[in-house]
Amino acid sequence: MKVLHHRQRIDALGTTLFAAFDPPERLRDSLLHGLDVPYRVLIDEDRTAYRAWGLGRGSVGGIWGDPRVWLRYATEFARGARLRRPGRDTLQLGGDFVIDPAGRVAYSRPQQRDDRPPVAELLRALERAAAAPR
Amino acid sequence: MRARPPAIPPRARRTMTGASAPQVGDRARPLDLVDLDGQRVRLEDLRGSAFLLIFLRHAG
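Residue numbers (this note's numbering), protein chains in the order written: chain W, 1 to 134; chain F, 1001 to 1060.
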């Protein structure tokens, strides 16, 4: 949730919605624990929206066989992140999208592996979308 | 040294299920969910404002 560090800029341009498929209590206990999230977190336990937006599941090798995944976890632990129990489906892929004021997709980046785009890229896309004609 | 396979062009990306994600210029796909506070959120309620839509991976 690195976008949370850029709240001021995001709020000047629009907003952010998060979608998650874990149950609310699991989210509050893990990912959202200790976080002040000023944006709405939508719950999609049956993954209807995930499927509608073309977000499927990765392969075990593609997700857990990627050394960058382990490097990222090691880096986070070294920074003091706590070890958490894995969610119920670690292969479910996520994605990042930007929607313009007219309801059109201005940026689309479905995950293929553990490859979220840099936050700066999302913010640039949001800037362009906010400036789009309505 | 083995040659790298070509990168998958963004517009040709497909997920493991075979369904394709929306592409730039497409109308946003349906979104009608309830948030953590129990409030319903629909895509059409957000018309008129740009927004980031971030689908998270597992909570762990």
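Be aware that one or more of the hints could be misleading.
[As the list claims (entries may be wrong)] Interface residues of chain F toward chain W, partial, derived using beta-carbon atoms under 7 Å:
| hint | residue |
| --- | --- |
| 1 | Ser-1020 |
| 2 | Gln-1023 |
| 3 | Arg-1029 |
| 4 | Pro-1030 |
| 5 | Leu-1033 |
| 6 | Arg-1040 |
| 7 | Val-1041 |
| 8 | Gly-1048 |
| 9 | Ser-1049 |
| 10 | Ala-1050 |
| 11 | Ile-1054 |
| 12 | Phe-1055 |
These are calculated hints, taken from the structure and not from any lab test.
For every residue, glycine included, the Cβ atom is placed at its ideal position computed from N, Cα and C.
Hint by hint, here is what the structure shows:
no.	hint	in the structure
1	Ser-1020	holds (5 Å)
2	Gln-1023	holds (6 Å)
3	Arg-1029	holds (5 Å)
4	Pro-1030	holds (5 Å)
5	Leu-1033	holds (4 Å)
6	Arg-1040	violated (10 Å)
7	Val-1041	holds (6 Å)
8	Gly-1048	holds (5 Å)
9	Ser-1049	holds (5 Å)
10	Ala-1050	holds (4 Å)
11	Ile-1054	holds (5 Å)
12	Phe-1055	holds (4 Å)
This entry does not satisfy hint 6, going by the numbered hints stated previously; all others are met.
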